[in-house]
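Chain by chain, the residues run as shown.
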Amino acid sequence: MELLVASAIGLLTAVGIYLMLRLRTFPVILGLTFLSYAVNVFIFAAGRLAVNQPPIIAKGATYADPLPQALVLTAIVISFGMTAVIVIMSLGGYLESGHDKVDMDGKP
Amino acid sequence: MSLALIAALPFLGALLPGLTIRLGRNACALATGLVTATALLLLAFHAPAVLRGEVVQTRIDWLPSLGLNANFFLDGLGLLFAGLILGIGLLIILYARFYLAARDPMGQFYTYLLLFQGAMVGIVLSDNILLLLIFWELTSLSSFLLIGYWKHLPEGRQGARMALAVTGGGGLAMIAGMLILGNIVGSYDLTVILQNKALIQASPLYIPALILILLGAFTKSAQFPFHFWLPHAMAAPTPVSAYLHSATMVKAGLFLMARMWPVLAGTPEWFWIVATTGLVTMVLAAKIALFKDDLKALLAFSTVSHLGLITMLLGFGTKAAATVAVFHIINHATFKAALFMVAGIVDHEAHTRDLKRLGGLRVLMPITFTIALLASLSMAGIPPLNGFLSKELMLEEAAHAVWLTPWAMGLLATIGALFSVAYSFRFLAHGFLGPVRKDYPHKPHDPGFGLWAAPAFLASLVVLIGLVPMLTASWLVNAAASAVTGEAVAVKITHWHGLEAPALWMSLAAIGGGLALLGLHPRLMAIWNASPRPDAKRIFDALIEPLAAAARDLTATLHNGSLTRAIAIATLAIAAASAYAFATGTHLPGDRALLPLSTVPVIVWAILMIAALATVVLHRDRVVALLLTGIVGLVISIGFAWFSAPDLALTQITVEVVTILLMLLALNFLPKTTPVESTAPRRARDAAIAGIAGLGIGGLALALMTRAPAFDPISHFHLAQSKPGAGGTNAVNTIIVDFRGYDTYGEIIVLGIAALVIFALSEALLRSPTVSARLRAIGSGTNDAGDRHPMMLAIAARVLLPLAMMVGVYLYLRGHNLPGGGFVAGLVFAIAYLTQYLASGYVWSHRRQRYDHHILIGGGVLVASLAGVGAWVMGLPFLTSGYDYVTLWPLETFELATAAIFDLGVFLCVLGAVMLSLASLSRMALRAGEKVNPDAFDIDPSREVR
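Listed in order, the protein sequences are those of chains A and B.
Residue numbers for the first sequence, in the numbering used here: 498 to 605.
Residue numbers for the second sequence, in the numbering used here: 5 to 950.
Simulated from the structure, these hints should not be mistaken for lab results.
We put the CB at the ideal spot given by N, CA and C, even for glycine.
Heads up, a few of these hints could be off.
Unchecked claim - Coverage of chain B stretches by chain A, computed from C-beta distances (three or more under 8 Å per stretch; other residues unrestricted):
1) 231–241
2) 603–612
3) 674–682
4) 741–755
5) 758–769
As the list claims (entries may be wrong) - To give an idea of the interface, some chain B residues facing chain A are shown, with a C-beta separation under 7 Å as derived from the structure:
6) Ala-629
7) Ala-645
8) Pro-650
9) Thr-655
10) Gln-656
11) Leu-666
12) Gly-698
13) Leu-706
14) Phe-721
15) Gln-725
16) Ser-726
17) Thr-733
18) Val-736
19) Val-775
With the hints as extra help, turn the sequences into a complete structure.
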């Protein structure tokens, strides 16, 4: 099972980086979303995988590590805020300049 | 606590001027003055103990294991300097109130002044040298603001930049020196360092540390060859010059040398470097001062000269010389601040500071003349004023110092004093004496009381200290000098040292020679003007310009505006560093037992992989790519649920919905397809880079998961304490709202700020005519659905609203014990509202909403803060939570925790932030020409078939 999660993290990263290397804003935003997925799952996986052991305290139970979960939970919400800011920035760039390229032509 | 408070007060008070300026200039000055006066009062409260020889300390530990703390201490030297900084600061605040013109922004001025004052007080009270360094750099930064206060003047801007470059650069050197010193001693506490003279001076690193620290002190105190910045800083308003160059900024370097005196002084290296620099500076600057026509320039070089004098005294390394240095610091502060203020008054009244255009002011400005007379006679060292006392003592020390030959030091010091007499008399003679002229730019007369009160007070000190030094100053000199030298000092200051004292004859020679020089001045001036002189500013600019050009070129090369290039380089660099680390480390295969594979996860995994790959293949069709991204997000939430993270699954799925909605909204205004722009080789290159990154991260994840944690996870504590400590059984939620509540508190604030940024950006965009035109063009080009607000969707959304809200409330309430909580509840509420937006349009829904999104964000942060502050009220640290069990018929016994209040804040903030982000985008649609519908559901009227 670990192999499935690891390969998924790897592919999500690769897709994220590939899309971020595209030349238009929208694929870059999608790439960033993929990279956020990858990072979130990676941090979550750092708590090691466990099935049917939610960190809800009960008698005689064993638990998955709750700390990475708590960190990832807030990270997911913060990624939303970050994505939203980048979306409005790319929108502004497009509406101001008339194109949505991410690279400047020539020197700044 | 109170020492830290003295340093913090000016910083806190820096907020007041900006607010009180709305009540007028008097209120602004009064508020600023009150801040400084309060700090001075707090200081005075400690004075008796310090004068008894005690050292007052305040210790605030931050990371004691790393030697990081905010420790403050107050001894005689600190008392002297803090008293000067705050006392003269108070006078400057009074003076500036009447000096600044109506068009000068006074609130800004006082804010900068208080920031600077706080930084200065911080330097002189710091016990930790790292803390001292921070305050040191803060003085450079805040003095930059003060010197460049008149931003419209190029000289002001250039002077400020030069001062920052020189003093900031010296500060960097000093950081290195201080770190070496801290390393030698093994502590960053000054009180510890000052005990370790033998250890420091025996260290092979003593010389590098000494040179680096002196670089900092010399640049700050404008010692040769770094003296050139000070005259250029005269472009500042006169109150700033009076403050920075009499009592504060330039004295910081002297303070540091005095502070470090017990451990750094006493070696030949110290004597040669410090005494020589001081001597050269004193003589050279005094000579230049004689040939300056601008009153402020004359005073500036005179300041440099006197700083040299004090530096030289400290350089001698003897107890007596150090005591004289301390005494002269007091005297110089009094007469020089008064003289700067006089120069400002003359400038204010006559509209010129040029000695060639002045003269005769004695008759026109009798009060100002009296002040100028006393202060400049003191500067010249004429008895019985205070400048005479310390200059006489200085000459005595110089006469006994052996530098090259037994007499060279005495001779040069006398020459310095001689120039000093000459320029002081010139200040008086050419500015105030002589006949009244008819061609002043503005008819001068004495200013109002407000402007001359401060210099008059200082002039009275000049006289008092001069007449009765043992009564007025010796106690302070004793306390400060004892602190500098580390031994008890009992100074004896007299006017008459006897005929056999060399100082008497040196003094007489200086006065006679000075008067002779003044007589010869016109002829000397002609020679001076004819002889070539290095222009410090031109040399400085010639040195700086290539550096700036190189920095510009480097930036342009590294950052050429290509985001993709930067990402590619960064990715490859990280990959290369990781590969290096991997190749040079040792590896064992992971031995942790793996979870067995089963069918359902493999199917879900396959969906994820296919969706992710399909996103890449189909990414040119943006709507499809977005939908595929949504599928990936949903699969991840299934994964979280499978791997025992129900809270994450809930959050992921709700955030996914909101994110996709947001991007769909944005996609409305963006092109729907991505053109093919990159070549096939470039795509192959990008795929290779992405592949390397993916393999690396995937491999790392696998390596991590197949090993047991290297350290015992700290979450055992959280699991064990979740119920007894935080009162909840959901360990993830108790971590979020209780154990690590402070993190969460920061996070919701960040989220709120992000939403406000989006709001502000969209406001700015909507204000731009280009954007509006483009939005309208996009709007007219789209082909809307005829059935734009379908009845079924609207009714379903209406029915769903209360149900969804009930779910949200339920999730919030149970969050402490079962999966749920404020984050998820906020997102569920947001989705419930957004459904209304979807069904009936933005305007229709927005009109029915009673609360502003901003209020939700602000209210959320406020509620969370109240939950935190509530703990303070109970005498506990910020955000400590408590809980209890309540029985309320007919309900079962349930638990009430203060963390629930905090979670409510989280809920409100998340709801507000999500709604504000999407609403900001929706407002763009209106500009794009979306028609407003009066009813909850309708058909586009233009498309209606009759």
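We went through each hint and held it up to the structure:
{"no.": "1", "hint": "231–241", "in the structure": "violated (count 0)"}
{"no.": "2", "hint": "603–612", "in the structure": "holds (count 4)"}
{"no.": "3", "hint": "674–682", "in the structure": "holds (count 6)"}
{"no.": "4", "hint": "741–755", "in the structure": "holds (count 6)"}
{"no.": "5", "hint": "758–769", "in the structure": "holds (count 8)"}
{"no.": "6", "hint": "Ala-629", "in the structure": "holds (6 Å)"}
{"no.": "7", "hint": "Ala-645", "in the structure": "violated (9 Å)"}
{"no.": "8", "hint": "Pro-650", "in the structure": "holds (5 Å)"}
{"no.": "9", "hint": "Thr-655", "in the structure": "holds (5 Å)"}
{"no.": "10", "hint": "Gln-656", "in the structure": "holds (6 Å)"}
{"no.": "11", "hint": "Leu-666", "in the structure": "holds (6 Å)"}
{"no.": "12", "hint": "Gly-698", "in the structure": "holds (3 Å)"}
{"no.": "13", "hint": "Leu-706", "in the structure": "holds (4 Å)"}
{"no.": "14", "hint": "Phe-721", "in the structure": "violated (9 Å)"}
{"no.": "15", "hint": "Gln-725", "in the structure": "violated (10 Å)"}
{"no.": "16", "hint": "Ser-726", "in the structure": "holds (5 Å)"}
{"no.": "17", "hint": "Thr-733", "in the structure": "holds (4 Å)"}
{"no.": "18", "hint": "Val-736", "in the structure": "holds (5 Å)"}
{"no.": "19", "hint": "Val-775", "in the structure": "holds (4 Å)"}
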